[in-house]
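Respectively, the protein sequence lines represent chains A and B. Take the first sequence: its letters are residues 203 to 625, numbered as in the numbering used here. Take the second sequence: its letters are residues 925 to 1210, numbered as in the numbering used here.
Honestly, the hints are just simulated from the structure, not real lab data.
For lysine-lysine, the following DSS-like pairs were computed, each having C-alpha atoms within a straight-line distance of at most 27 Å:
#, chain 1, residue 1, chain 2, residue 2
1, A, K478, A, K561
2, B, K1130, B, K993
3, B, K1056, A, K435
4, A, K435, A, K353
5, A, K432, B, K1056
6, A, K259, A, K511
7, A, K372, B, K1056
8, A, K259, A, K228
9, A, K572, A, K561
Owing to the predicted nature of the structure, the values given are computational and were not obtained by experimental measurement.
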Amino acid sequence: MRHTTVCAALVLLASTGIARAETEVKVWSWGSAAPALEATLEGFNALHPDIKLTVDKLGYSDVKSRVLAACAAGGTGLPDLFQFQNTEMELITAQFPDCAADLVPLGFDADQQAAFPEFKMFALRQGDRVVGMPWDSGPVVMFYRRDFYEKAGVDVASIETWDDFQEAGKAVQAANPGVTMINDNLNGGAEFVRMIGEEQGCGYFSSDGESITVSQPGCVAALEVVKSLKDQKLMTAADFNGKLQNNGAGVVATQMSGAWFEGSVRNNAPEDQHGKWGIMAMPSVTAGGSRAANFGGSLLAINNNSRVKEAAFTYLSYALGSNEGQITMLREQGLVPSLISALDDPYVSEPSEFWGGQKIWELVLGRLEKIAPINGTEYFSDADQVVIANQTAYLAGGFDSAQAAMDDAAKQISFATGLPIAE
Amino acid sequence: MRQRTQTAYGFLSPYLLIFAIFWLWPIIHSFYLSFLSTRRQPWSFNPGMTWGRLTQDPAFYNALWNTLKILAIQVPVMLTLATLLAVLLNSTLLRARGLIRFAFFAPVVIGEAAYAAVFRLMFNDEFGIVNKTLEGIGLDAVSWFSNPTAAMSLIIIAVTWRWVGYNAIIILSGLQSIPQDVYEAATLDRVSPRQQFLYITLPLLKPVIVFCLVLSVIGSMQLFAEPYLITNLGGPGGATETLGLYLYKQAFLNLNFGYASAIAYTIAALAVSISILNLWLGRERS
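Given the sequences, and given the hints that come with them, work out the whole structure.
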C-alpha cells in the first residue's frame, strides 16, 4: 500500500515536472492579429522559455461563433486564450458571466489597469472583475494610392469633408480608368455607417447603453454619405479579403478602416506598390468635424476553465502589457497599441519606407484623443444585423429617405431588445 | 410475453437513453425556452419577447419569404430537371452509363464548404469565370453578391447544381421499375414517345416524384449552408437569409435562445404542414 502511494506521488511529481518544463498555451485569433502574436514569441520565449504558445488563426466570424458556442457549452472546447472585439465583449459578460476568467486575482491590479485608456477598459469590467486585457485600438484612417491621386492632380490636404472626397473621387476615377475610388463591405456589414456615424458622435446605442440612438442625425447622415458614394459609382462592395484582392490588382484607390488594417495593406501589397501608398485622416460629414472614429480593436480573454491561467496571464502581461510586446506587433502588423506608455516609444515617430517615408503612426495616434467612446452593449449583433438589412434596402430604393430607413431600424432594434428609442 | 417485452426494452435502452437526453429533452426544453425572454440574466417569463415578436418581426418575415421563394422556384425547377435527366440517363443510347450517372450524383458527395468556396470564386464580381464569360459574349457583368435578386439566383443555382443529380438517381430507380411491356404495347398502338412520357412515364413516376418533393421541401425549409457560406451569412443585407440562418443568428450570434426556440418551433410546424399537403396531393386515388 505504502509503495503504491509513494509511486503515485513520484509519478505526480514527475508529471508536474514535465508540465513545468513546457506549459502549452493555446489561443484563437484572426486576421493580422494572429501573425502579430506569433511575432511576439521570440521576445517572449527569451524571457519565458518554459511557456509555449500555439496560435490558431481563424476567420473573425469563425472565432466569434466558436467562442460563443463554446461559452454556451460551459467553456468546453475553448482554448486557453481567445481574441474578441471590445464592442462585442458585453455579449459574453451578459450571457456567460463565468466564461472569461477574472484577471484581477492573476495580477491585473489597479496600477496595471490604469496603464490602459478607460474607453478600452469600459467593456471589460464586470463589477469588480476584469474579464480581458485590452489589445489594440482602431483609429479610423484612409489608406490611399499616392500615384492614383497624383495622376488626377488631387492634393489630399484639400480633402476635409465627404463632399471634398467625392469631388476628388470623380477626378481620380477619370484619370485612372478601371480604378474605383473606395470599397465598403456593403454586402456583409454596415462598416461605413458605423465609422462615419461615430465621427459624428452617433452609435447604435446611447453612451449609457439604455436607449437606441441609431435614428439620430449623425447616423442618418452617415447612411446618406454611403448612398451618395454608391449612387455616384465611387464605391463598390468588397469584404476584408476582397479589399486586399482589389489592392493587389491595383483597381482601388482608397480603403477606409481601423488603423489595424495597416499591416494587412503593407504585407499583402505586391513589390511594385512599395512607396505608392499613403495615409490620411478620414473626412468629416461637416467642415471642422473631429475626423476621428474608432473601428474595431480587440482584447484577449482567458478561458475560465483553463488549467494554465497563470501562464496565459504571463503571456498577456508581456504581449499586451509591455511596450516591447506592443511595439513588436505595431511594427510587424500595424496593430495600434492601447497600452498608453507604448505611444511614447521612439518607433512611433519613425518614418515608414512602405508608406513613402510618411510618419504614419504620428498621424494615427493623433486621432486617438479625439475619439468619442461608443457603447456596443450586449445587443450589438442584433442592432448591426438590422442596420445592415436596412442599409441594403435603402441602397436598393426600399426607403424614401435615410431618416425613414433609420427610423425603421430603431423600431426593429427596440422590438428585439426592449430598449426605448432616444428622443 | 411480459418478460420478453422487458428484455426487448432492455436491449433498446441504450438508444432510448441517448434519444431521451439528446433529442427528447432538448425538444421539450426549447419549447419551455420559447416562452422566456433570454435577453439578460436572469431569464424571465415573457412570451411577448418571443412569440409576440415573431408575429411582427420584419426580419423573420423576410427570412420566411426568402425560404418560400426558394421553395416555389428552386424545387419545381430542380425536380423538372431531375426528371428529364433521369429519362436521359435511362436511354439505351447512352454509353459509359455508370460513369455518367456517378458524375451527376457526385456533387452530393462533395463537402459543402469546398463547393461553396468554388462557387464564390466562380461568381466573383471582378475576377470570376462567370462574369468574364458573360462579358466575353457581350453581356453585362452581374454583381452576384451585391444585387439582392442576383444573390438569390446564385443560391438557387448552387442548390440546384448540388441536388439535381441526387434526385435524378432516385427518379431513375423509379423509371426502371416501370415494366417495359407497357411501352411495347404503347409503341404497337403507335403512341408517340412524347405521349408515352406524358401518359405513361409521368403518372407511374408520381409516387417517386412526390417522395423527392417531400425530401426537397424539408431540405429547403432547413437551407443553411449555402447562404451561410456562399453569400456570407445571407447577404447582401438579408436578401438570401433563410429561416434556418435567421434561427442560427438569433441563437448563436445574438445569444437570444428564447426567440430562436420560437423560430425553431415555427419552422418545424411549417415543414410538417407543407409535407402533409404534399402527401395529400400525391395520395393514391382508389
